[in-house]
Structures are given as structure tokens and as C-alpha cells.
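Chains as they are written, first to last, in our numbering: chain E, 1 to 113; chain S, 1 to 113.
Read the hints as simulated data drawn from the structure, not as lab findings. Predicted, not measured: the structure shown is a model, and the values here were computed from it. No residue lacks a Cβ here, since even glycine has one placed at the ideal position from N, Cα and C. A couple of the hints might just be wrong.
From the structure, some residues in chain E lie toward chain S, with a derived Cβ separation under 10 Å [to be verified]:
| id | residue |
| --- | --- |
| 1 | P40 |
| 2 | L44 |
| 3 | K61 |
| 4 | F103 |
| 5 | H112 |
Sample of chain S residues at the chain E side, in silico, Cβ under 7 Å [what the hints assert, rightly or not]:
| id | residue |
| --- | --- |
| 6 | E52 |
| 7 | A81 |
| 8 | Q96 |
| 9 | S98 |
Now the in silico label distances, taken between C-beta atoms and shown as ranges [claimed, not checked]:
| id | chain 1 | residue 1 | chain 2 | residue 2 | range |
| --- | --- | --- | --- | --- | --- |
| 10 | E | S108 | S | G14 | 19 to 25 Å |
| 11 | S | S66 | E | G96 | 39 to 45 Å |
| 12 | E | H9 | S | N53 | 45 to 51 Å |
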Amino acid sequence: AQSVSQHNHHVILSEAASLELGCNYSYGGTVNLFWYVQYPGQHLQLLLKYFSGDPLVKGIKGFEAEFIKSKFSFNLRKPSVQWSDTAEYFCAVNRGGSYIPTFGRGTSLIVHP
Amino acid sequence: GEEVAQTPKHLVRGEGQKAKLYCAPIKGHSYVFWYQQVLKNEFKFLISFQNENVFDETGMPKERFSAKCLPNSPCSLEIQATKLEDSAVYFCASSQGSYNEQFFGPGTRLTVL
């Protein structure tokens with residue numbers, strides 16, 4: 001069965017620090033990859049997605065993610081976080097041929113002002 | 001509408017009671033998905049619809065859970081005879097196509113006492 005691992009469950013940063021959240025998946029074939037964010041009290045929103053093409057994907061709010069096929073990874077990055085980035089971040093993976101995303105357990109990010 | 005709407009926001013039921021949750025997908029989206037998130041863990045896929053037809057119900061505990069998407073009505077997820085372990089946030093999502101980005105609703109928090 002496919003699994004999605006987010007190794008950092010809780011991350012605490014100060015404003016302006018750089019962020020990298022890990023996401024690894026276990027499926028070896030074609031995948032579609034997503035990062036979702038859930039701000040406190042709000043619903044899940046899509047930050048960015050990768051289907052094909054340039055493995056470095058730019059998303060909203062200054063986020064980016066890099067698909068490294070050889071490492072089965074899709075890590076999320078932001079060079080300088082803000083207090084407003086405090087949220088839960090979920091990685092999700094659709095394996096080729098399946099439209100049902102498998103979600104990671106999420107990473108809780110707290111940014112101190 | 002422009003957003004996925006879910007009602008109610010919160011639902012409290014005694015063990016053994018029935019619970020019914022509703023979801024209105026974004027207008028023009030033909031796919032609806034239901035997920036269960038227990039204790040901020042990963043999202044568990046329950047069921048999906050293509051218009052009013054069940055597309056995939058591999059995640060549904062069929063003995064107590066049922067779901068419908070009828071024309072011109074919100075979709076619904078019903079739990080007969082709720083159990084304590086059904087306490088979770090239930091998310092609905094909709095998309096234009098089965099492989100497209102899913103747009104999530106705010107969720108319904110079900111508490112079974």
C-alpha cells in the first residue's frame with residue numbers, strides 16, 4: 001500500500017527563518033503530488049501541485065516544492081517564513097491511475113513573531 | 001457556489017444515535033469526495049461520487065455508513081448507530097475531474113459521547 005510520510009510533526013520557527021518540510025512517498029510509478037495548508041479555523045487550501053514538467057514547482061504565498069524522483073520526495077520550502085504561515089501542512093500523493101490522494105499526517109508549523 | 005459548503009459545523013451525538021452530515025460541492029464540479037480525519041491524523045478516504053453515482057466506496061465502513069448525492073440536493077453522509085470511534089472531523093471535497101485538484105470544505109466535527 002502506498003504511504004506518505006511527513007517526518008516533521010511539529011516545527012517551530014522564528015519569523016524570517018527558512019522552512020523545509022519533508023514529504024516522502026513509497027510508490028515507485030507515476031505520481032501527482034500536492035501540498036495543502038490548513039490555517040487555524042479554516043479549511044484545506046492547495047498551496048501547490050506537481051503533475052509533470054519542471055520538478056521545481058512554485059506555489060502561492062512564496063512557497064515552492066521540489067520533486068526528486070530518485071528520492072521519492074516532494075519537500076516544501078519557503079526562504080523566509082512569516083507569522084501568518086502558522087498552520088498545518090499536508091502532503092498528498094496520487095499514484096498514477098488512482099485519483100484518490102493519500103495524505104500524510106501533517107506538519108504543524110508555528111512561527112513566532 | 002464558489003466554495004464547498006458543509007453543514008453543520010459541529011455535531012454532538014450520543015452513542016447509538018444517528019448522525020447526518022451535508023456537503024454542497026462547488027457548482028460545476030462533478031466529483032465529490034468524503035474523508036474522515038481522526039484526532040488530527042491523516043485523512044482517510046471514505047467514498048467518492050461522480051454526479052449522483054458512487055464512483056468509489058472502498059473506504060466506507062458499509063455496516064453503519066451510507067452516503068448519497070442526489071440531483072439538486074446537497075450530498076449527505078449518514079452514520080447509523082454512531083460509535084465513540086466515529087468522533088472525527090469529516091471533510092468533503094469536490095473537483096472538476098477525478099484527477100484534478102480537490103477543493104475542500106471546512107469540515108464537520110462529529111463528537112460521539
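Hint-by-hint comparison with the structure:
{"no.": "1", "hint": "P40", "result": "12 Å, violated"}
{"no.": "2", "hint": "L44", "result": "4 Å, holds"}
{"no.": "3", "hint": "K61", "result": "16 Å, violated"}
{"no.": "4", "hint": "F103", "result": "4 Å, holds"}
{"no.": "5", "hint": "H112", "result": "21 Å, violated"}
{"no.": "6", "hint": "E52", "result": "18 Å, violated"}
{"no.": "7", "hint": "A81", "result": "27 Å, violated"}
{"no.": "8", "hint": "Q96", "result": "12 Å, violated"}
{"no.": "9", "hint": "S98", "result": "4 Å, holds"}
{"no.": "10", "hint": "E:S108 to S:G14: 19 to 25 Å", "result": "31 Å, violated"}
{"no.": "11", "hint": "S:S66 to E:G96: 39 to 45 Å", "result": "31 Å, violated"}
{"no.": "12", "hint": "E:H9 to S:N53: 45 to 51 Å", "result": "38 Å, violated"}
In terms of the numbered hints stated before, the structure departs from hints 1, 3, 5, 6, 7, 8, 10, 11, 12, listed from lowest to highest.
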